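Chain by chain, the residues:
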Amino acid sequence: MKSIAERKVLLQVNNIKQHFTVKNDALFKPKTVVKAVDGISFELYEGETLSIVGESGCGKSTTGRAILRLDEPSAGEIYFGGENLLTVKKKDMRKLRGDLQVIFQDPFASLNPRQKVKQILNEAMATQKSVVKEKRPERMKELLEYVGLPLESLERYPHEFSGGQRQRIGIARALAVHPKLIICDEAVSALDVSIQAQILNLLKQLQRQFNLTFLFISHDLSVVRHVSDRVMVMYLGKIVEIADKKSLFDKPMHPYTHALLSSIPVPDPTIKHERIILKGDVPSPINPPKGCRFHTRCPFATDLCQETEPELRELEKGHFVSCHMVEKI
Amino acid sequence: MAMFIFRRLFQTIPVIIGVTFVVFFIMQLVPGDPAVILAGEGASKETIEALREQLGLNQPLIIQYFDYITSLLKGDFGTSLKSSQPVLDEILVRLPITMELAFVSILITIFLGMAAGIIAAIKPYSLQDIGVMLIALLGISLPSFWLGLMLMYFFSVKLQILPVAGWDSPLHIILPAITLGVGGAAIVARMTRSSMLEVIGQDYIRTARAKGIKETIIIFKHALRNALIPVITVVGLQFGALLGGTVLVESIFAINGLGRMIVDAIRMRDLPMVQGGVLVASLIFVIVNLLVDIFYRLFNKRIDLN
Amino acid sequence: MAEKEIPILEVKGLKTYFTTKKGTSKPVDGIDFVLNKGETLGIVGESGCGKSMTSLSILRLIPSPSGKIAGGSILFKGKDLVKLPESEMRKVRGNDISMIFQEPMTSLNPVIPVGEQIAEAIRLHQNLGKKAAWEKSVEMLRLVGIPSPEKRAKQEPFQLSGGMRQRVMIAMALACSPEILIADEPTTALDVTIQAQILEIIKNLQKQLGMGVIMITHDLGVVAETCDQVVVMYAGNIVEHTSSKELFANPKHPYTQGLLASLPNITEDVEELRTIEGTIPSPYNLPKGCRFSSRCPHSKDICSERNPELFEVSDDTKVRCWIYSDNWNNQSKREEECLNEKHS
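Chains F, A and R, in that order, give the protein sequences. Just so you know, this note's numbering puts 271 at position 265 of the first sequence, and the rest follows in order with no gaps. Just so you know, this note's numbering puts 210 at position 125 of the second sequence, and the rest follows in order with no gaps. Just so you know, this note's numbering puts 607 at position 253 of the third sequence, and the rest follows in order with no gaps.
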């Protein structure tokens with residue numbers, strides 16, 4: 007891997023916030039605000055895989071949706087190829103959407119059941135106008151070859167495929183328009199391990215082949231370890247730690263990352279690792295705790311943590327942590 | 086909850102205003118001049134004109150509407166053109182009769198419908214299911230005037246166990262209530278069945294079975310409560326259909342209720358009577374819907390959160 | 355072990371078949387295993403292998419009338435559950451054998467307070483009065499680590515988080531101190547930190563109550579952490595039956611080997627994961643021979659002709675694969691001869 011200085015930034019996220027207002031029953035009560043993502047910044051380098059991990063409600067999927075502008079973020083800037091995605095005109099956004107593709111968790115729900123694979127791929131190419139009509143049949147063949155599906159698949163409907171094959175169709179659709187960045191939102195979570203391995207291998211191979219950049223959103227840390235170059239850990243709408251994969255898995259600094267890593271059951275009964283079992287549940291993002299959001303479950307929390315929100319600090323080269331206590335643990 | 090009821094009440098105000106508006110203007114579109122009818126055949130032009138003046142019929146429509154609304158607020162529904170009695174008095178005489186009929190009918194709709202639906206859902210696709218659902222289909226398809234006449238023929242004329250028509254004893258209520266309630270019962274039965282089937286397939290029913298709970302308790306304690314939530318809405322809607330049905334059924338069984346009053350008033354072009362009758366019927370429907378909403382809320386607390 | 359105890363559960367040749375318009379499917383097709391007191395048995399496999407149907411069959415909760423136990427026996431302390439009348443079976447469910455399910459979100463009744471859902475089972479099986487049962491149910495909620503259980507017991511499931519609901523499920527399952535707990539993917543729908551909490555609770559309570567646990571999961575990590583012995587299922591068959599230690603140190607069946615190899619590793623990096631090519635056979639149309647043969651890298655003629663039996667490889671390991679039969683090597687020789695003949 008190239009060093010950070012040499013790499014080109016493909017996507018720059020500056021302090022985005024995603025606040026959802028929830029309708030209230032009462033007449034005069036103030037509206038409830040869910041702070042799903044609350045001011046996060048990071049960059050994505052060309053050709054790398056950055057993973058976002060965290061538990062449900064941490065804001066990882068919301069971040070992905072914000073970048074795609076599936077939900078309009080409440081604040082912040084997202085630069086992609088020099089343009090702020092949040093202020094570009096509709097017409098330009100459509101063009102940019104071709105560069106930004108997404109693969110969802112449930113391939114079945116994201117494929118129109120009444121369309122043949124042929125129509126699904128054709129539609130993707132037609133909306134982005136990236137491939138002229140005459141060349142589309144050829145491009146379809148090419149795509150199927152890339153994702154390892156037989157040519158006959160073109161004439162079949164999504165329900166005729168297994169889960170893994172459907173995910174391949176989803177990948178082919180994303181690839182159809184020559185994207186630069188693919189956001190994989192829990193893309194392998196619904197698959198059985200043996201199938202999951204096939205898809206993960208495919209993604210890696212395609213990344214090399216087309217110099218793709220992946221934003222890989224997942225709750226499964228073993229998968230993340232396998233696919234990522236860098237990993238970002240989120241908790242309650244905030245980044246708690248972001249680092250190179252190796253650095254993060256070998257030397258996690260944030261207590262939450264520690265707990266998360268130690269919670270994973272390891273498929274080897276001879277390893278008896280020490281487990282940090284966190285108490286309680288993740289607090290509600292409607293009223294996130296003051297100060298460090300993790301302090302309610304953190305074994306090292308002090309008065310400072312309850313009062314002041316920690317900043318994301320670079321403690322080692324490329325290794326950022328947001329914790330007051332790191333040095334003292 | 087109190088907040089919800091308050092807000093819900095608040096929301097009914099525009100609905101009621103809308104109802105008065107519609108009731109008033111639709112009657113203006115009906116052909117036939119009430120003054121002509123009232124004056125009788127062969128009346129002179131002057132007499133008709135004088136009647137118009139007296140009834141305010143020559144004022145612009147919008148003024149007539151405002152007059153109408155202001156008197157409504159004072160509790161004055163106008164005077165019947167035919168009997169010269171206050172409309173409200175006439176309605177208050179007949180309303181209890183119609184309410185009684187509607188109440189018994191809706192009970193038939195609810196209990197007959199739910200029982201049939203549950204029986205069908207316990208053993209889906211079995212003979213008992215197919216049988217019950219066939220009867221329900223029949224119930225929906227039968228026009229109530231035909232059903233009313235058939236019931237009359239069998240029970241009153243042939244068997245002579247129930248009175249033919251009128252409204253004198255509790256026995257008189259049986260046939261019209263059945264006529265009126267059966268269609269709704271069939272709809273409720275179908276709704277209950279499909280809702281029960283959906284609930285019985287849920288994970289929590291499996292959990293209940295895994296606890297070793299008896300099937301009857303599972304049906305009535307675990308399944309029915311959840312299955313009833315959509316059924317409540319249907320019952321509320323059925324009540325509206327039922328009020329409409331009273332018009333027909335009261336005519337068939339010669340019951341002197343609100344429905345028949347409206348029909349007679351229309352025939353006579355008794356404008357204030359029609360307006361008053363329709364308005365009261367609409368108000369009842371709005372109130373019933375309000376009650377259904379509140380009931381639904383109590384039943385399904387989860388809505389509170391969303 | 356000096357003297358072998360009578361096992362609390364013995365499943366012999368269990369078959370569960372479904373008849374639908376599409377034909378007959380055989381999600382459970384001849385399963386044998388034994389569960390001893392205080393022991394945890396894992397049943398692993400990928401979706402459609404029949405692991406959940408096996409667990410539902412033990413409690414006779416398979417969806418009827420399409421599903422049916424078509425053969426075999428399930429001996430609970432010597433008593434065959436398959437032959438038990440329904441009313442007797444109800445006394446076993448939730449009392450002797452309890453079950454927790456994968457989806458805590460949908461497995462609790464949304465309109466009944468959670469305390470009542472627990473108390474209900476207690477009243478049913480333990481002849482306790484209303485008040486005593488309620489107190490016991492609050493006690494159970496405390497036992498599974500729910501804070502302020504008196505308050506929580508009165509709440510309905512939607513007011514509880516996913517982790518809490520799974521705790522309620524556990525409290526409910528253990529309320530009558532069952533001898534066997536069947537946990538069907540108990541942590542699959544939960545976040546890892548919550549999963550760790552839940553597995554810990556199950557382990558601790560198992561120690562306290564001395565019950566046998568059947569852990570059904572697709573997660574080999576969970577198996578390694580919790581199970582003593584493991585059954586690996588594939589397309590309705592047990593393909594490997596061994597101790598947990600042996601399974602991870604020395605997997606025997608080609609399917610088990612493939613499964614372990616395809617796991618992304620949390621501790622080391624590999625460029626490419628090993629995969630198992632192909633997909634599982636349809637349960638409506640199972641191959642005549644070994645059900646894994648079409649995906650197996652070692653497959654030979656005999657594999658597609660006859661389904662192998664479970665060969666006993668060592669004391670505690672049985673494998674359903676021709677490789678472990680006596681004449682596998684002969685078979686190889688014969689094939690070579692055939693090839694030679696063709697060539698000459």
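There may be inaccurate statements among the hints.
[As the list claims (entries may be wrong)] Calculated lysine-lysine pairs in the DSS-like style (CA-CA distance at most 25 Å, straight line):
#1 K278/F with K561/R
#2 K508/R with K306/A
#3 K391/R with K299/A
#4 K299/A with K490/R
#5 K306/A with K445/R
#6 K376/R with K299/A
#7 K599/R with K208/A
#8 K557/R with K278/F
#9 K391/R with K376/R
#10 K208/A with K422/R
#11 K484/R with K299/A
#12 K485/R with K299/A
#13 K299/A with K431/R
#14 K508/R with K299/A
#15 K299/A with K445/R
#16 K505/R with K299/A
#17 K306/A with K376/R
#18 K208/A with K433/R
#19 K278/F with K599/R
#20 K508/R with K285/F
#21 K433/R with K306/A
#22 K490/R with K306/A
#23 K391/R with K122/F
#24 K599/R with K285/F
#25 K437/R with K208/A
#26 K437/R with K285/F
#27 K445/R with K391/R
No lab work stands behind these hints: they were computed from the structure. Since the model is a prediction, treat every value here as computed from it, not as a measurement.
**Study point:** Contradicted hints - numbers only
**Key:** 3, 6, 7, 9, 16, 17, 18, 21, 23, 24, 26
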